[in-house]
Amino acid sequence: MQEDLLDILCCPLDKHDLELEATERDEEEILTGTLTCTECGEAYPIEDGIPNLLPPDMREESPA
Amino acid sequence: MLGARKPGSVKGQEWYQADDVAQEYDEKRFSKGGRLIDRREKEAVLDALGPVEDKKVLEIACGTGRFTAMLAERGADIVGLDISGPMLQQGRQRAQSAGVADSLEYMRGDAGRLPFPDDHFDVVFAMRFFHLADTPEEFLAEMCRVSNDQIFFDTFNRYSTRSLYNWALPMGSRLYSGEEVDALLDATGLELVSAEHDWIFPYGLYREIPNRVASTLRWLDDGIRTLPFGDRLASVSYWNARL
Numbered sequence: 004m005q006e007d008l009l010d011i012l013c014c015p016l017d018k019h020d021l022e023l024e025a026t027e028r029d030e031e032e033i034l035t036g037t038l039t040c041t042e043c044g045e046a047y048p049i050e051d052g053i054p055n056l057l058p059p060d061m062r063e064e065s066p067a
Numbered sequence: 008m009l010g011a012r013k014p015g016s017v018k019g020q021e022w023y024q025a026d027d028v029a030q031e032y033d034e035k036r037f038s039k040g041g042r043l044i045d046r047r048e049k050e051a052v053l054d055a056l057g058p059v060e061d062k063k064v065l066e067i068a069c070g071t072g073r074f075t076a077m078l079a080e081r082g083a084d085i086v087g088l089d090i091s092g093p094m095l096q097q098g099r100q101r102a103q104s105a106g107v108a109d110s111l112e113y114m115r116g117d118a119g120r121l122p123f124p125d126d127h128f129d130v131v132f133a134m135r136f137f138h139l140a141d142t143p144e145e146f147l148a149e150m151c152r153v154s155n156d157q158i159f160f161d162t163f164n165r166y167s168t169r170s171l172y173n174w175a176l177p178m179g180s181r182l183y184s185g186e187e188v189d190a191l192l193d194a195t196g197l198e199l200v201s202a203e204h205d206w207i208f209p210y211g212l213y214r215e216i217p218n219r220v221a222s223t224l225r226w227l228d229d230g231i232r233t234l235p236f237g238d239r240l241a242s243v244s245y246w247n248a249r250l
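Residue numbers (our numbering), protein chains in the order written: chain A, 4 to 67; chain B, 8 to 250.
One thing to keep in mind: the hints can contain errors.
[To be verified] Calculated lysine to aspartate or glutamate pairs in the EDC-like style (CA-CA distance at most 20 Å, straight line):
| # | chain 1 | residue 1 | chain 2 | residue 2 |
| --- | --- | --- | --- | --- |
| 1 | B | Lys63 | B | Asp45 |
| 2 | B | Lys18 | A | Asp60 |
| 3 | B | Lys62 | A | Asp60 |
| 4 | A | Lys18 | B | Asp229 |
| 5 | B | Lys62 | B | Asp205 |
| 6 | B | Lys63 | B | Glu144 |
| 7 | B | Lys62 | B | Asp33 |
| 8 | B | Lys63 | A | Asp10 |
| 9 | B | Lys18 | B | Asp156 |
| 10 | B | Lys18 | A | Glu63 |
| 11 | B | Lys62 | B | Asp109 |
| 12 | B | Lys63 | B | Asp109 |
| 13 | B | Lys63 | A | Asp7 |
| 14 | B | Lys63 | B | Asp84 |
| 15 | B | Lys39 | B | Asp54 |
| 16 | A | Lys18 | B | Glu145 |
| 17 | B | Lys63 | A | Glu63 |
| 18 | A | Lys18 | B | Glu80 |
| 19 | B | Lys49 | B | Glu144 |
| 20 | A | Lys18 | B | Asp125 |
| 21 | B | Lys18 | B | Glu144 |
| 22 | B | Lys39 | B | Glu60 |
| 23 | B | Lys62 | A | Glu27 |
| 24 | A | Lys18 | A | Glu32 |
| 25 | B | Lys39 | B | Glu149 |
| 26 | B | Lys39 | B | Glu50 |
| 27 | B | Lys62 | B | Asp125 |
| 28 | A | Lys18 | A | Asp51 |
| 29 | B | Lys49 | B | Asp189 |
| 30 | A | Lys18 | B | Glu215 |
Keep in mind that the hints were calculated from the coordinates and are not lab data.
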């Protein structure tokens, strides 16, 4: 995802702003990282350049 | 696996998220007679949306991105949302090779709980989505929430050839009558701008037959629809609405 996508993204649960923590970037975009809701604290992963904004109850079950 | 079905669930959630399904999806759906369907659907989207340059567009259930890439090429500022990571990866690769990745973003998300503020987009559309939706009103309302103007979607029709084979499909589709769509529009405060009704013969048939036969069938399809009440037999409707 490109960083300016952050301007329009919000938490799917409470619609508050998200804070970006990028762990891997290339010239154009963020490849891996986390988007965290500034209100409820829910974290949404960015994987292979695609942010996963699925609410937690719809994500695949994975070992915590 | 997903847990118990939540409100606002969508049929085929697991199926659409499988890697092998994503890889074969375009090949299976849009080769042979499926090409005619692809072309018609793209035309329906372009007709309804009009010039898209600098418009903010959201597509719900964008799959592998055949519409998002097309609209990005035409200058739209577009976001494609889907539940399936593998499908979106295909879309991402397509966008990168088409050189439109700059104005196109993909993300995973739930159509019932969109990660956008109210009224953000000029157009929100969903193709081949509502037949999978268990709670269409909830999804349509959420699309309306994030749009400031236009909503576009298609439905498979209840009183049509679709109902002849719908029961045999692995997931079955939700079919809609005109009255049901009217009620949905009413409930969400949408005003119908235009509707097109097409495909006397259902998609499933076109997909199974070679190009030449499909063209002949399509010709027959066009002919029947010009007859009185021909529209009423159509298996697909495209609905263009405004807030």
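Holds or violated: are the alpha carbons of A/Lys18 and B/Glu145 at most 20 Å from each other?
-> holds, 17 Å
Starting from B/Lys49, check that the Cα of B/Asp189 is at most 20 Å away, please.
-> At roughly 24 Å apart (the allowed maximum being 20 Å), B/Asp189 and B/Lys49 break the hint.
Below or equal to 20 Å on CA atoms is what counts here, so check A/Lys18 against B/Glu215.
-> Violated - the C-alpha atoms of B/Glu215 and A/Lys18 are around 44 Å apart, more than 20 Å.
With a cut-off of 20 Å on the C-alpha distance, tell me whether B/Lys63 and A/Glu63 pass.
-> violated, 30 Å
Is the Cα-Cα distance between A/Lys18 and B/Glu80 20 Å or less?
-> Violated, because 30 Å separates the two Cα atoms, which is more than 20 Å.
Given the hinted pair B/Lys63 and B/Asp45, is their alpha-carbon gap at most 20 Å?
-> The given pair, whose Cα atoms are some 23 Å apart, is violated under the 20 Å limit.
Within 20 Å, alpha carbon to alpha carbon, are A/Lys18 and B/Asp125?
-> holds, 9 Å
20 Å limit on alpha-carbon distance, applied to hinted pair B/Lys18 and A/Glu63 = Judged against 20 Å, a Cα distance of about 16 Å means the pair holds.
Going straight from one Cα to the other, do B/Lys62 and B/Asp125 come out at no more than 20 Å?
-> Cα-Cα ~16 Å, so holds.
Sort out whether A/Asp60 lies within 20 Å of B/Lys18, counting only the CA atoms.
-> Answer holds: B/Lys18 to A/Asp60 is near 16 Å, not above 20 Å.
Regarding the pair B/Lys18 and B/Glu144, is the alpha-carbon distance no greater than 20 Å?
-> With Cα atoms ~15 Å apart, B/Lys18 and B/Glu144 stay inside 20 Å; holds.
Does B/Lys39 pair with B/Glu149 here, judged by a C-alpha cut-off of 20 Å?
-> This hinted pair is violated, its Cα atoms lying about 35 Å apart.
In this structure, the hints that do not hold are numbers 1, 3, 4, 5, 6, 7, 9, 15, 17, 18, 19, 22, 23, 24, 25, 28, 29 and 30, in rising order.
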